[in-house]
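J.: The residues making up each chain are set out below.
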Amino acid sequence: SQQGEEDPQALSIQEGENATMNCSYKTSINNLQWYRQNSGRGLVHLILIRSNEREKHSGRLRVTLDTSKKSSSLLITASRAADTASYFCATVSNTGNQFYFGTGTSLTVIP
Amino acid sequence: EPEVTQTPSHQVTQMGQEVILRCVPISNHLYFYWYRQILGQKVEFLVSFYNNEISEKSEIFDDQFSVERPDGSNFTLKIRSTKLEDSAMYFCASSKTSGSADTQYFGPGTRLTVL
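Residue numbers (my numbering), protein chains in the order written: chain A, 1 to 111; chain B, 1 to 115.
Extracted from the complex, chain A is given alone in its bound form (with noise of 0.2 Å):
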């Protein structure tokens, strides 16, 4: 299987600390994307990095990507209540036609 895995599962945090989501993937990519999803709503794509980066910055955002390890890390600096979501990295097929989801990360920010 391709898909990327999350760890941790779930994090909790205080606002103002920085969160780090880790994603493990099986197969070599093309690229890697990070997508958020509040609770019952749809997927918010975060960041892409391709598989010739190593980082990758978007506002609070910092993505990693070690391809030797197969790994990517997400971290949001500063945190806030409203960063409160799951958050998933997606690998794409060698088609580059199907994503895989891991099972998501669970950042709960608290006020």
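Rather than coming from a laboratory, the hints here were simulated on the basis of the structure.
Here a beta-carbon is modelled for each residue, glycine too, at the ideal position from N, C-alpha and C.
Incorrect hints may appear among the rest.
Said to hold, decoys possible - Partial selection, computed: residues in chain B whose CB lies under 8 Å from chain A:
hint, residue
1, V43
2, F45
3, S48
4, E56
5, F61
6, T103
7, Q104
8, Y105
9, G107
10, P108
We have chain A already, so just place chain B on it with the hints.
T.: Below, chain B alone, put in the same frame as chain A:
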């Protein structure tokens, strides 16, 4: 900002009935997808569609499922004879190019409840 839209937001149906879930992808996108998420579980790929034909499908996408692009804007998922286990959130997504080079933009989902 363009977005993927889905209707209805919630569909309740009796087991054995046919349902059609509708999606309007982003207008200049060429690749379309359906995913489902059973409550509390991960998002699962169902099917991808390009150039008016299915390009890839998962084991979940059996003969009960079909997709169609009936006109230039809509993309539909039909479930012919719903089962209780079809109850889930169904997400439509679209991308400008293939997912290996591009991101997929997701709609807000349709919650399907089969009674």
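J.: It remains to establish, for every hint, whether it holds in the given structure.
T.: Structure-based check of all given hints:
1. V43: Nearest chain A Cβ about 4 Å off; hint holds.
2. F45: 5 Å, holds
3. S48: 4 Å, holds
4. E56: Status holds, d = 4 Å.
5. F61: Since chain A brings no Cβ nearer than about 11 Å to F61/B, farther than 8 Å, the hint is violated.
6. T103: Since the shortest Cβ distance to chain A is 5 Å, the answer is holds.
7. Q104: Status holds, d = 6 Å.
8. Y105: 6 Å, holds
9. G107: 6 Å, holds
10. P108: OK, holds: P108/B within 8 Å of chain A, min 4 Å.
Checked against the numbered hints given earlier, the structure breaks only hint 5 and satisfies all the rest.
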